[in-house]
Amino acid sequence: MRRHLKILLIYYRASLLTQVEYRANFGASFALSLLWPCWIVSLLSVFFYHTSSLGGWSFNEAMMVLGMYDIFIGLQETILAPNLQQVTEHIQKGTLDFVLLKPANGQFLATITSCNLTRLFDVAIGFGLVVAGLYRLGRVPSFLEIAAFAVMLPAGTVIVYSIWLLTTSMAFWFVRIDNFGEIFYAFYETGRFPVTVYQPWLRLILTYVIPIAFLTTFPAATLLGKISPQVVAGSVGIAAVLFYLSHRFWNYAIRFYSSASS
Amino acid sequence: MKKFLAEFRACWNLVLEYRLQVFIWILTIVLPLIMLAVWLSIAAGGPVAGYDRTRFIAYYLAALIVRNMTGMWFIWEMDSEMRLGALSFRLLKPMNPIVHYMALALSSRPIRLLILVPMSVLAVAWIPGLNWATDFSSLLLFAVSLVGAWTILFLMQYTIGLAGFWITRTIGLNDAWFFTYSLTSGYLVPLDLFPPVVREVLAYLPFRYTMSFPVEILTNRVSGIAIFQGIAMQWIWSAAIYLVYQWVWKRGLRRYSAVGA
Numbered sequence: 001m002r003r004h005l006k007i008l009l010i011y012y013r014a015s016l017l018t019q020v021e022y023r024a025n026f027g028a029s030f031a032l033s034l035l036w037p038c039w040i041v042s043l044l045s046v047f048f049y050h051t052s053s054l055g056g057w058s059f060n061e062a063m064m065v066l067g068m069y070d071i072f073i074g075l076q077e078t079i080l081a082p083n084l085q086q087v088t089e090h091i092q093k094g095t096l097d098f099v100l101l102k103p104a105n106g107q108f109l110a111t112i113t114s115c116n117l118t119r120l121f122d123v124a125i126g127f128g129l130v131v132a133g134l135y136r137l138g139r140v141p142s143f144l145e146i147a148a149f150a151v152m153l154p155a156g157t158v159i160v161y162s163i164w165l166l167t168t169s170m171a172f173w174f175v176r177i178d179n180f181g182e183i184f185y186a187f188y189e190t191g192r193f194p195v196t197v198y199q200p201w202l203r204l205i206l207t208y209v210i211p212i213a214f215l216t217t218f219p220a221a222t223l224l225g226k227i228s229p230q231v232v233a234g235s236v237g238i239a240a241v242l243f244y245l246s247h248r249f250w251n252y253a254i255r256f257y258s259s260a261s262s
Numbered sequence: 263m264k265k266f267l268a269e270f271r272a273c274w275n276l277v278l279e280y281r282l283q284v285f286i287w288i289l290t291i292v293l294p295l296i297m298l299a300v301w302l303s304i305a306a307g308g309p310v311a312g313y314d315r316t317r318f319i320a321y322y323l324a325a326l327i328v329r330n331m332t333g334m335w336f337i338w339e340m341d342s343e344m345r346l347g348a349l350s351f352r353l354l355k356p357m358n359p360i361v362h363y364m365a366l367a368l369s370s371r372p373i374r375l376l377i378l379v380p381m382s383v384l385a386v387a388w389i390p391g392l393n394w395a396t397d398f399s400s401l402l403l404f405a406v407s408l409v410g411a412w413t414i415l416f417l418m419q420y421t422i423g424l425a426g427f428w429i430t431r432t433i434g435l436n437d438a439w440f441f442t443y444s445l446t447s448g449y450l451v452p453l454d455l456f457p458p459v460v461r462e463v464l465a466y467l468p469f470r471y472t473m474s475f476p477v478e479i480l481t482n483r484v485s486g487i488a489i490f491q492g493i494a495m496q497w498i499w500s501a502a503i504y505l506v507y508q509w510v511w512k513r514g515l516r517r518y519s520a521v522g523a
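Chains as they are written, first to last, in this note's numbering: chain A, 1 to 262; chain B, 263 to 523.
Be aware that one or more of the hints could be misleading.
Think about it this way: if two alpha-carbon atoms lie no more than 25 angstroms apart in a straight line, the pair counts; the simulated SDA-like pairs of lysine to any residue are [to be verified]: (1) B:K264 to B:L368; (2) A:K93 to B:K512; (3) B:K512 to B:V386; (4) A:K226 to B:S303; (5) A:K93 to B:G347; (6) A:K93 to B:W428.
Now the in silico label distances, taken between C-beta atoms and shown as ranges [to be verified]: (7) B:V409 to A:A240: 32 to 40 angstroms; (8) B:L267 to A:Y185: 34 to 42 angstroms; (9) B:A501 to A:Q19: 39 to 47 angstroms; (10) B:P380 to A:F187: 25 to 33 angstroms; (11) A:F187 to B:T442: 21 to 29 angstroms.
Far from chain B by the CB rule (all over 10 angstroms, computed), these chain A residues [what the hints assert, rightly or not]: (12) L32; (13) T51; (14) Q107; (15) Q199; (16) G225.
Just so you know, these hints were derived from the structure itself, not from any lab. Keep in mind that this is a model prediction, so the values were computed, not measured. Don't be surprised by glycine CBs; every beta carbon is placed ideally from N, CA and C.
Pulled out of the complex, with its shape left as it was, chain B reads as follows:
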């Protein structure tokens, strides 16, 4: 834990240095906004599958918050570190490199919270009919669901990054991952708008629990026992991906030392 805190502080300093960059990352989460603009134009002719214009706005604003609290880009750094051999130095340190990348993936959260919390308060105050959950217990469950979503995403991204033991460029693999994630998580399209068969399949995949599920809590679309089922699903998936990670890590390390020696 102490090691983690030290790494976190180092990464946090890095974030402050490039705070402009963080700001621009926030700014460039544009594609969902474009999707929103298109839906708004379609919904001008009447609600789409129960979504009127306000509900679209409520959904995509919530999705932006979830994306900002769970989105991570450390795989780019991981890719270059593994290719250029900087990983060897990390392995010399008395800690698992995953700690460093965890710190890196978390380090921009405080500054994002600082921006997102006032923005959300303003949104709730100014946009009539937003109908976001504002009671303490829902917000607490929302926070818990964000932790679960972050964990699934982090483990997935890190495991994909570890594929760098076998292939030279993991960014391509990550693109394929993003392709699936953005379509099936609810990041670009509310899952309610998919045909029923597709929706049923998506309920079993991990992606829904990284985006749509937290959004559903914040927008009051899920309640009671279903919330706890969702949180359970988050941790079942996290555990499953963690096992995959461990397997990949052990195999990869053996291969890496074989090449390095």
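Bound-form chain A, shown alone:
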């Protein structure tokens, strides 16, 4: 475990060093990260120009859901998407051997070691929106609520990671995988708004099949004191099950890998 952490640190430092070299790009990423929240908050304002509640959520509460969306999109773009692209490229070119040969867990090396740190801005802005929502509501979450939130955040990260790993593993059969990532984004888009706003059938899918609700709606609801302990436990359970399944699937899929040299 400690060895893996050390490896991770070395990889991330290398990524950071290459990225700060392109200073203009770094600045532009930051500016864009600021742009998108403005965009989505304007959309939200249009809804609230005509209504006072979105599926039972007020403007400030819905803003917190948007914040959660930004946090997870930031995490995905920081550590998941870059690796997905890299693994796909390795598979296409048959060079995954170089990764698998290294003396550490193959799944670990292939799926989390590269990162795009510029997108951490999104995570920061997401937290900003969440705090802004709470501040405007004049609400201070209790210690228990914050603790539950602190559990749901890593659980959500594991859920997203597992879904990405499932889609990435499919690259062993379908070489042009980048499209599968797009499909996940399509579902993830629904996470911008509270899940209660959608039609019942869609709400069911987003809770139990592709658990987007556990990423954005439920953590925000936790801070608002609107959630039961069962949901927190459920989020941990779903994360564990998905992680196990995706790990098994990766190990199964890798057997279908045909290297360039063999």
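Let chain A serve as the given structure and place chain B on it in line with the hints.
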């Protein structure tokens, strides 16, 4: 024209090769559908600014059709070609690179039409109260308005792509453009739902004519002289952006050859 046709055929082959990708692009035009879902939930409590549930559905389905016939993503390819220097080879060919990108931006239309036309017929047949224009003259004007919308969008996108002469990544600039387009064109929110002041301003900007205006024709929301005014606005804007394009192209080319020599 012959050059264009040859390029078109080449790009068309590329599209067929990745038809799965095209299908998925169609599939991933999701955000408008999510907006529709949210509006439907709001409209369950009564019409919103005159929009009841059927009218929302009619609007967003029409918007999806317009988006599919006018949406283009060639700027990604342009960005990488300019950065990696592939543009130099294009410049050696005896034609303006704009022809290639025009072909690229048009090449997926036939396959999209093949999917969209039956889908629209089914929508009109199955969804009661859709109230889309079905008479020949309206559909003809709708097609004309699509050409205008496409032209404005293409010239805008191409000019943004040409900014690559000065900056290394044009994708960021394109994101800022999409930000404005998606909010002000009617792609994500029907313009009728904006406050009146905002609506008045938007009537003068080009974005309305790339999305909302064709949708209005298809959904029978605009008629008579207003249609011709809208089409005129489309071509006034196209001409204006074309002038900007020419200016940027000349300046950029001079700069490019200065660096390359």
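Cross-check of the supplied hints:
{"no.": "1", "hint": "B:K264 to B:L368", "in the structure": "holds (15 angstroms)"}
{"no.": "2", "hint": "A:K93 to B:K512", "in the structure": "violated (40 angstroms)"}
{"no.": "3", "hint": "B:K512 to B:V386", "in the structure": "violated (48 angstroms)"}
{"no.": "4", "hint": "A:K226 to B:S303", "in the structure": "holds (21 angstroms)"}
{"no.": "5", "hint": "A:K93 to B:G347", "in the structure": "holds (23 angstroms)"}
{"no.": "6", "hint": "A:K93 to B:W428", "in the structure": "violated (33 angstroms)"}
{"no.": "7", "hint": "B:V409 to A:A240: 32 to 40 angstroms", "in the structure": "violated (55 angstroms)"}
{"no.": "8", "hint": "B:L267 to A:Y185: 34 to 42 angstroms", "in the structure": "holds (36 angstroms)"}
{"no.": "9", "hint": "B:A501 to A:Q19: 39 to 47 angstroms", "in the structure": "holds (42 angstroms)"}
{"no.": "10", "hint": "B:P380 to A:F187: 25 to 33 angstroms", "in the structure": "holds (26 angstroms)"}
{"no.": "11", "hint": "A:F187 to B:T442: 21 to 29 angstroms", "in the structure": "holds (26 angstroms)"}
{"no.": "12", "hint": "L32", "in the structure": "violated (6 angstroms)"}
{"no.": "13", "hint": "T51", "in the structure": "violated (5 angstroms)"}
{"no.": "14", "hint": "Q107", "in the structure": "holds (26 angstroms)"}
{"no.": "15", "hint": "Q199", "in the structure": "violated (7 angstroms)"}
{"no.": "16", "hint": "G225", "in the structure": "holds (24 angstroms)"}
Hint check: violations occur at hints 2, 3, 6, 7, 12, 13, 15; the rest are consistent with the structure.
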